[in-house]
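*Asks:* Now for the letters of each chain:
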Amino acid sequence: MNDAKSIANVPAAEPVNAPASPGPWHQVWRRLRRNPSAMFALWTLSIIVALCIGGSIFFQQSQIVQDLKIVRQPPSLQHWFGTDALGRDVLKRTLCGGSISLLVGVVATLVAVIIGTIYGLISGLAGKKVDNAMMRLVDILYGFPFIAFVVLLSVICGPSLLLLFVAIGAVEWLTTARVVRGQVLGLKNQEFVLASRACGAGLRRILWHHLLPNVVGPVVIYASLTVPGIMLLEAVLSFLGLGVQAPNSSWGSLIQEGASNMEICPWLLAFPGAFFVTTLLSLNLLGDALRDALDPKSLQ
Amino acid sequence: MIRFIISRLVQGLLVVAAVISLTYVMMALSPGSPFAKDRDMPPYVKESLNKIYGLDKPLYVQVWRNLKSFATLDFPVSYRLKGWTVNDIIAQGAPVSFTVGGMAFLIALALGIPAGALAAMRAGQLQDRSIMVAATLGVCVPSLVLGPVIALVFALRLHWFNAAGWYDADDWVLPSLTLGLISAAAVARLTRSGLRESLLADHVRTARAKGASEWMIVVRHAFRLACLPLLNYLGPLAAGLLGGSFVTETVFNLPGLGRHFISSALHKDFTVAMGLAGLFAVLIVFFNLLVDIVQAWLNPRIRLTDS
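Taken in order, these protein sequences are the chains called A and B.
In this text, residue positions in the first sequence follow our numbering: the first is 1, and each later residue adds one.
In this text, residue positions in the second sequence follow our numbering: the first is 301, and each later residue adds one.
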């Protein structure tokens, strides 16, 4: 989840060739640290993620306990976010729902990024004919009404959440594939790759040591902008009643409950909505900041 | 140019056919039956229903039959809504979705482009900062949050409009506003970043050296280049808005295309789902082609080749 931190860790996990000079990821991290909106986003996101994970560990059982004596109570000291129409604590439900929304966002993005990276690598490395055919397929798939297919998939998959992650991920890989292919095409004829090849490096070495490390940057940027998109998609599905099934919750289904009760108990909409919007905002800010930090040419 | 358009149209037809077939196959593979009712029906009734609608044939025969009926514009009947053909349902939902989506698109352009242009011209100043904060927020507020809030404020509290339904002539306002504001935020961001780059271009510097006013420079010289990335966003946006937003139509209870699609998918109304998915694909193909043509017209350096 914590994208920028994991980036900062990359050089440690994978020693760079010139240990004397700080690697490019150090520079990225330094630029990020100087960017106030990036740090704001990072902190907010860390807090929300920690709260949601903690909440889902401690309240997984009690969040679905109904207490009809305390139905629809406004926020109070006992129930900070109030209670819903079945007397359940909205704070607990928001945190548990959030962990599901975040999990969907991360897992589906991983699926999308893995498929897209492999597809893009093959397309970029294979000859012109294969590349043309593969990219034409991507062009054609761009013409598909995706949200309609996700709705269909969720109807078919039924209430199985895991299948839904995979389904969403499987339709969201197109842009990653394009990005990776573009990078590979640009890289594969550069001097350092040619030199490595001249020294007798095989395809596997070039792939692991030269292509993939250079592809990581754009992929990370794109992934950090994909997570909010996918969380939105999950929220839409849950809002339409096609995603998470009761008594479980996600931010989408909580917002739906809130929207249908908003006149009498606005806190049902306000708290899950605020958490959701804040998370999307942080992810977008972080993605923008990463793009600026990784691309020295980009305008402020 | 003509060759490009023809080849893209052929490709588009293939996409639409693929979307229709894929929708059918997905629906056919999912559990349940379009004729399922609360009560179990005797097997012989089910058998004869399947026979009437051709569901007893092998899958490829069914797909081919439906493709043929779409291709000859002899639209198939709905499995659930007795007496309705697919084009009846589209004719009923399209005016709603097109009105709401079209107005939302206009709102997005009318708000987003001037705001983005102003931000680019005053880059770094207070106006730029405040516009960009608003736009970033707008991009992150999803319609499922904004829609209920707008309904709460303008309908339930101020009583200016109906909260839901499609009865009065002004019922498009709130849903269009919801979709339009969100899209305007993205349009403003794209306009700003595009203009920022093109305001530094050589021909803009020449225009400035000739003494053209700043608005003149933006309108006549810079915007042409700046709107190329914007156009790439506007094509899919227009297709998505006109096809009807699932969420907004649900929030405001509009009888549009999006609602019809969801209920057809849920109730296994194969033919309606196929028709609507096909229509969505037609919209996407059409607007993508339109974007390519407009881009080539705006920037003659883009050559339309299809290889």
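Treat the hints with care, as some may be off.
One side only, chain B facing chain A, incomplete, derived with CB under 10 angstroms [to be verified]: (1) Met301; (2) Ile302; (3) Ala318; (4) Ser321; (5) Leu322; (6) Gly447; (7) Ala573; (8) Gly578; (9) Gln595.
These aren't lab readings, by the way, just hints derived from the structure by calculation.
All values derive from a computational prediction rather than experimental measurement.
For every residue, glycine included, the Cβ atom is placed at its ideal position computed from N, Cα and C.
*Asks:* Enumerate the violated hints, using their earlier numbering and listing them in ascending order.
*Replies:* 1, 2, 4 and 9
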